[in-house]
Amino acid sequence: MKDLNKIYKLLLNQYGKQNWWPTTLEKDIHPTYHGKKLDDSMRFEIVVGAILTQNTSWKNVEKAIIELNKNKILTINGILKNKVQKLEKTIKSAGYYRQKAERLKIIAKFFKENPFSKLKKLQTEKLREILLNIKGIGPETADSILLYAFEKPVFVIDAYTKRMCHYLGICSADLDYNEIQKLFMKNLKPDAKLFNEYHALIVEHSKHCYSKKPYCDELLK
DNA sequence: CGCCAGGGCCTCA
DNA sequence: TGAGGCCATGGC
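Per this note's numbering, the first sequence runs over residues 7 to 227.
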């Protein structure tokens, strides 16, 4: 069995750097993050994307984010000022739009009351706990926010990661979120840049190998 | 037409 | 605590 560091090297070699969090920079509509230092508006956009992409393809999320930006709703105050019905209409393409509109309201309120500058000073574990107590934020969304918006070395586990690990014989199919996360974090250097790329590479690789059955992974098996 | 997409909440044992 | 139902649009 290949170890997790080896798998990373294979994926990086195959697909190259992913430079997440992804944006539609070619459309020149919202800010580009590539190689830039994150500011708070960028961090918030990442949080919004993390909510919208729950069980949803990024393509559909991208449309919703563009619509939010066009309507000047892609900010904490924008989300707070607009009616939930307006939010629902704007993010419709992302699916589950009623739930997600409500969730955006809740997280906007949270980040209004708790600025990034304050939250950044908290211990990662403490911040994770706080995020998990927000309605609409589960383990994957919390960890995506920690890793991509706060740049904390937290490994994000998603359905693809579980599928891939099970297929490769790295873990059993029913291993729970925290256990499989530990598996990655114990075997890798705690480096936010590494975790950022690794998770993105797993998603990219899985779109090729783990989207439709029967799964077939010539690269890693 | 059916399946899937970068999940999470609620309910009910 | 864990399995199952539910949420919903768009691509293929």
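Watch out, some of these pointers could steer you wrong.
Stated by the list, open to error - Simulated DEER-style distance windows between Cβ atoms: (1) Lys87 with Ser217: 35 to 41 Å; (2) Lys115 with Glu135: 14 to 20 Å; (3) Lys43 with Asn139: 35 to 41 Å.
Claimed, not checked - When the alpha-carbon atoms are kept at most 25 Å apart in a straight line, the in silico DSS-like pairs for lysine-lysine are as follows: (4) Lys158 with Lys126; (5) Lys92 with Lys132; (6) Lys89 with Lys115; (7) Lys192 with Lys132; (8) Lys124 with Lys98; (9) Lys124 with Lys92; (10) Lys65 with Lys132; (11) Lys218 with Lys192.
Derived from the structure by calculation, the hints contain no laboratory data.
The C-beta atom is built at its ideal place from N, Cα and C for all residues, glycine as well.
Hints, one by one, checked against the model:
Take Lys87 and Ser217: their Cβ atoms lie about 39 Å apart, and the range 35 to 41 Å holds. The beta-carbon spacing between Lys115 and Glu135, approximately 18 Å, falls within the hinted interval of 14 to 20 Å. Taking 35 to 41 Å as the suggested C-beta distance range, the pair Lys43 and Asn139 does not conform, at roughly 29 Å. In summary, the hint linking Lys158 to Lys126 is supported, as the alpha carbons are separated by about 9 Å, within the 25 Å threshold.
A threshold of 25 Å between alpha carbons decides the hint, and for Lys92 with Lys132 the separation of about 34 Å lies outside it, so the pair is violated. Annotation: proposed proximity of Lys89 to Lys115 holds, straight-line Cα distance about 13 Å (limit 25 Å). At roughly 20 Å between alpha-carbon atoms, Lys192 and Lys132 fall within 25 Å of each other, so this suggested pair holds. For the given pair, Lys124 sits about 32 Å from Lys98 by alpha-carbon distance, which is inconsistent with the 25 Å threshold.
For the hint pairing Lys124 with Lys92, the CA-to-CA distance comes to about 30 Å; that exceeds 25 Å, so the pair is violated. Restraint check for Lys65 and Lys132: the C-alpha separation of about 32 Å exceeds 25 Å, so the hint is violated. Simply put, Lys218 and Lys192 have alpha-carbon atoms about 30 Å apart, too far for the 25 Å limit, and the pair is violated.
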